[in-house]
Structure formats: C-alpha cells, structure tokens
Amino acid sequence: MITVANRLQTVEEYYFSKKLREVNALKASGKPIINLGIGSPDLMPPQRVVDAITESFKYPNVHQYQSYQGLPELREAMGAFYKAQFGVNVDPASEILPLMGSKEGILHISMAFLNAGDEVLIPNPGYPTYASVTKLVEAKAVTYNLDETNGWLPDLDALEQTDLSKVKVMWVNYPHMPTGANATEALYQDLVAFAKRNDILIVNDNPYSFVLNNNPRSILSVPGAKDVCVELNSLSKTFNMAGWRVGMVLGNAEHLGAILKVKSNMDSGMFYGIQKGAIEALKSTDEWFKNLNVAYEKRRKLVWELADLLGCTYDESTTGLFVWSKLPAGVDAESFIDKILYDNSIFITPGIIFGSQGKGYIRFSLCASEEQLQEAITRIRTQN
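Just so you know, we're using our numbering here: the sequence shown kicks off at 8 and counts up by one.
No lab work stands behind these hints: they were computed from the structure. Any given hint could turn out to be false.
Derived lysine-lysine pairs resembling BS3-like cross-links, with alpha carbons at most 30 angstroms apart [claimed, not checked]:
id, residue 1, residue 2
1, Lys308, Lys268
2, Lys366, Lys346
3, Lys26, Lys38
4, Lys308, Lys297
Bear in mind that the values here come from a model prediction, so they are computed numbers and not experimental data.
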C-alpha cells in the first residue's frame, strides 16, 4: 500500500468540504436546505465583466498560456484600484502579483518564506486555512487570541511578552473573518512597528473591505509598511466573482519576487478572458459598491431577525459578508447547528471551526436571497 506524506497527518480535510457533502446529501434526499453556512456570493458580477469575457473569445491568443505575472493592463487596473480606494501607490510592474484567488496566495506566501520549524502567528478565531497551510509546509502554528472584549483586535503588548525569536510570519485579517471586526488606523501603524521590531512579515488578508464597510483600509497605507508587510486581496466578494478565482498580492518587489518563484512553478498563467473580465470589474464606479451594499443591508437585517429568534446576540457595528452571533450561555454550537439543519433544513456554521475562541458562537452567511432568509425566519418562528 502506498502511504501518504507525513504532512497530511497534521491536517484534516477542510470543514466545508466535509460538511457540504452532508448538506448536499440532505438536499439530494429532498430536504429544502437553506445554506447560510458558506460565503459564496450568489449575486451576479457587473454585466460589463461578463461581456468582457465573452468578447475575449475573438482574440487569437485567448487559449494560449498567459504570463505568470498577468497581463500588464490587469496589474495596472489593480494598481489604479488601490490608489482610488485605499490611497496606496504601488508599482504595477513590480509590486502587484495577480493570483488565481487569494487562497492560493496563502500557500505561495507560506512556501516562499517558511522553513520547517519556523513559527507563524495565526488569529484565533480566524480563517482555518492559515493554520492548515502552515502545518503543510512543516512550520509551527502559534495562535494569538482575539476576544470580543477587545473588539477582536490583537494585543500586541501581550504578544511581545512572549518568545518571538522563531516567528517569521504573522497573519492578520481585517475586516475580520469570522467576526466582522474592523481594524483601526492605529492598529495598522502598531502592526508595522511591531513587525519591524521583531523582524516578522505581516500578511494582511483583506478580501472583505467593500462589503457593508464605509471605511475600507489597507495596511499598505502606513508609511514603511512595504518593508515588512504584504497584502492579499480578491475580487470574489467585492465583485461577486468567487468562481472566477481572481486575487492579488501586493508588496515590495523583493517579497513579490520570492512569491513569484513559487507561483511560476505551480501554474501556467490565468485564463486571458478572466483577466479581461477582472480589468472591467476593477473599473467599477462607486455606484456598484452602493448597490451591492443595499442588497446586503437588507439581507443582514433579516439575518439579525433570525438570530433574535434563535436567542443569539450580535454586534450591529461589524462589517463583511457574515453575521457573527453569540449563543445563549451553555449551548453547544455544533449540536445547535445540527439540530437546526435536521429539524429546519437550515445550515449555519459553528464558530468553533475557526478556533477555540469561536466556542459559543455561530456564523451566518449573507449569501442567500431575501426570499430564502424570509423562509428561514418562517421555519424557526413556526417551530417556536
């Protein structure tokens, strides 16, 4: 029997990969499942994006391999977007690297900078992929706790009282998934200073900036941030293009050169038509963001109503694509969401999958129509 690599013993299959098989089996059996678990946008991208990919098929080079660094005009569009939305100047030629989704960037960055035994600071609660990729490259995941009482922000003073000598990378994610907390400008300034004092690369994962958020921020706006920071971003949530797989990493030329060494050995360039569509998405006006958030605001109010019916509490000031809700004291989240799944055919995510600090919480996705959310409310209200 061929044995698998030892590194696979350090990670489990991604939660949603497993759980969605269960959910899909229930759907196949005839259960009318309403999926409030996963953040996969169900709204359409801008029409100009769809038109651009359709138009691209008339070009003779559309089916050929593309540049590992993406089309120059795509990098220019990404740079213009960052200048317009965040006030950040980046050189499209050397400080922007398009990715096939920002999730691939997590692996590329980890492979570029981490050796076996290096330590990585990972938020708890936080995106599970940070920890799993860290383990896959044989580095050590060291969690730093985020807490509701501190606005889900890191305590950098407490971190500096610990041994950071082996820490190479720190993952930061604001607006924060799963809690929806927002970073302050002061936090970003403190993170840059912290990184410089301790010789740590900060990776800010920033895909939720434009969902129900009136003040988008980039850590790269802090003077000197490029010395010690790179930032991931994505078109998935901002432009409803999750399946297109378009992301980017931004930072100084040296850092991006290291990431490109990994990426260029992993793929053969992004499909031409997708790049053309991404360029059009990045040209969207503020009217696009306004209309997107009108839709999400309506959905969020319905999710708040659903959370109220379930006896949960939540912070109305948070942003992003999810509603992070606290369960009544003593309620086990996994048992709670399984009961709702099997009794009411509604799938919600338990907070514990994001780390021990997620115990006692559940997460609702806003990626469901108003009609579906109204139906979910009706099912719970009827049961109560």
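Each hint, compared with the structure:
no.: 1; hint: Lys308 with Lys268; verdict: violated (45 angstroms)
no.: 2; hint: Lys366 with Lys346; verdict: holds (17 angstroms)
no.: 3; hint: Lys26 with Lys38; verdict: holds (15 angstroms)
no.: 4; hint: Lys308 with Lys297; verdict: holds (17 angstroms)
When held up to the earlier numbered hints, the structure conflicts with hint 1 and nothing else.
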